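Enquirer: Letter by letter, the chains look like this.
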Amino acid sequence: MEQPILEMRGINKAFNGITVLNDVNFSVKKGEVHALMGGNGAGKSTLMKILTGVYSADSGEILIEGKPVSIKSYDDAQKNNISMIFQEFSLIPTLSVAQNIYLTREKKTSLGLLDDKDCEMKTEKLLEELGVDIKPTEIVQNLGVGYWQMTEIAKALSQEAKILIMDEPTSSLTKNETEILFSFINKLKAKGYSIIYISHRMDEIFQICDRITIMRDGRYITTEKCSETNLDTVISHIVGMQFDQAFEWKERSYATDVPPIFEVRNLSAEHVEDINLKIQPGEIVGIAGLMGSGRTELLRNLFGIDPIKSGDIYISGQKQSIKNPKNAIEAGLALIPEDRRMQGLVLEHSVKDNMILPILSKVKKGAFIDSKKSNEISRDFVKILNIKTDNIFKQAGLLSGGNQQKIVLAKWLANDPTVLMLDEPTIGVDIGAKTEIVEIIRAMAENGKAILVVSSELPELLALSDRVIVMHDGKIKKEMTRREIKSEEELQYAIQGF
Amino acid sequence: MQSKVSSIEKPATPSLKGFEWRNYIVYFAFVGVLIYFSISLSDEGFLTSGNLLNIVRQTATISLMALAMTFVISTGEIDLSVGSIAALSSLVGALAIQAGYGIIGGLIGGVGTGLVVGLINGLLVTKVAIPSFLVTLGTMGAIKGAAMWVTDTAPVPIVDANFNFIFGSGDIGPIPVLLIWTLVFTVIAHILLRKTTFGRQVLATGGNENAARFSGVKTMKIKLMVFLATGLMAGLAGLLYAGRMNAGRFSFGEGDELSVIAAVILGGTSLFGGVGTIIGTIVGSLMIGTINNGLIIMGLDVSQQMIIKGIIIILAVAFGKKAMKR
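Chains as they are written, first to last, in this note's numbering: chain G, 270 to 767; chain Z, 26 to 351.
Just so you know, these hints were derived from the structure itself, not from any lab. Computed from a predicted model, the values in this text were never measured in an experiment. Positions of the beta carbon are idealized from the N, C-alpha and C atoms, including for glycine. Everything hinted at is true.
Here are the in silico distance ranges between beta carbons for each label pair:
#1 Ile213(Z) to Lys592(G): 51 to 57 Å
#2 Ala154(Z) to Lys592(G): 37 to 43 Å
#3 Lys592(G) to Tyr61(Z): 40 to 46 Å
#4 Glu539(G) to Val58(Z): 34 to 40 Å
#5 Gln587(G) to Met331(Z): 50 to 56 Å
Given these sequences and hints, build the entire structure.
Expert: This is the structure:
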């Protein structure tokens, strides 16, 4: 049998007595793209942190090409030809591509000065070899996000990396950029590089990966060839039980004979043009479109973050004047933003403090916060939404992505909005939490709210929406009831094919 | 087989549209200021070579400190203590000369004082992890106090004519020594920032500290070095004040941090770190000097100059922010 380039054997790791990795095995062959999957908290990132020297394992061994190695720091990892392509980009935005790639490894002239020409030539050669069309002298911040990642990969390869770890590499990429990245990954594969690919996106994994290793609750579950498995099997391994059918669309009924609870008339703003929209009470409307089609921008306009140029917004038949988010909240709107870490949560604050932030006025007792009442409300939400936390006083930043997103939901449920707008509600969330979030949104609609969801994940959009609006270049290009959409392909075609 | 992967979406390439006019605004502004004063003050002799050389003399101290400040700001930090360091250094230098240690003694005393304060600033920022704004706000006050205390606010005269020649009032032919000081250090600073690993790592640290660290840059060491640099140059600036005025005095350098930071920001160095330019800094410094000089000739007093400098800083940063957003 072929010798794996990387093997991790019997890895154990515990923090403060809590086992996070339990006898985990993981092996990667030369020239393969190997997916590492598992729900949030399955132990994927801990395993990778052990591989890159951020943590050290309590027991177990790491073998590179059959030889045991000791990895105590990121330097050690790099010496063993392992490189992490960071999720939060690790380039210096103000330096050029060449300067970034050879940072701290620059060649010097005989006078001891930097030889930028040499750097640029080597970079040009490297990029040429990889087939990436970037100028070495380009300042990184002027490049598209997709190219940042390729620059990072080029940097890793220039450091003789043979094993690349990519953590959710497509999370900030558009579809086009993702395609470019994938063709790039295929090239790397052909050249014999091995890639560990961490992602929640199943379609991508089946498209790009050769094998899948699945972890759950800190344990190794299985490794399978992509060609010999299927979506249901993988999901059942991740979830640990047969996947419930949350992602199947259920035809819902809602009142169609009453006036719309939410209406937008002829709204125009910097990035959107002439938007008309009506939502019935209890109806879920999905907005589909490519990145930059104006989806997120529209939500921001409706919520008063960015100003509108013209047009009117009606809630329950009343015309609203929304100049800022405070007006919007008072009018009964809620927006759950895409980037919860930046916009949705105060990560340093406790679960409870986050939840009661929008309803402070409701839990006040005189000038003070009624701690009994606010604790009660917070505990209720933790229970209803099945948020996994030790207690309501735990720092929100310490929870997993899915649970953080549930706190954001709780924040707005507490405020009891009339119209709930969600931007990519399940981004970066594991499949288990995803189905739960979908259920919560459905339950909100059942309570008669108007729901407006933006999502790039079409299965999710199709599972949720009663009606789908397709946006393109800031305009509504198509409107379809869910019944009219026969398949995901058809919606995809509507989004892409004009 | 090497098909290029990019055909769909080209990366942005610098074109005329992407021309960062902000990076060059200082040059236009400088020329504008020169033309304005040349016309409005033509009768008062603004444009005479005597006055222009005077501007260079008066600006030398600001320029030297601004050169070092460019490095500090490029790492995303700030040093408010430069003016106070200059004051204390002028006094320590003068006292050393008075005590008979000669020019070398004065030099070691003045520059050494600056280095010690720079070291304290740097260690507090890197080891104790206090934001540099607070550290240097503190040392600005403390060092100023020390400068007032060391001679009980009395000036210390320097009678060593050689010292006064080298560090201040001397001219070699038509060229003031202060111009030579400025030129020499400008060239050194420019090469350091653009052409050495040190400069590259300074910019990397300011551009994205985490990324720099992961790339092997010892960011803490870099930060310590830049505070030593401002200490050193502020110490030297103190000696240049002393040489020009033939004395050490606690009031030297008062308010200089404002001029120095204004010069650096005006020059195009980003207050957010990662982008720095020495040539811009020098032009920024000369512009501040020219404005000072012009305002004095116009008959405005120190208080009015301060108002104008404050406004300039705010405008410079406001322009910078606008460009960042785009």
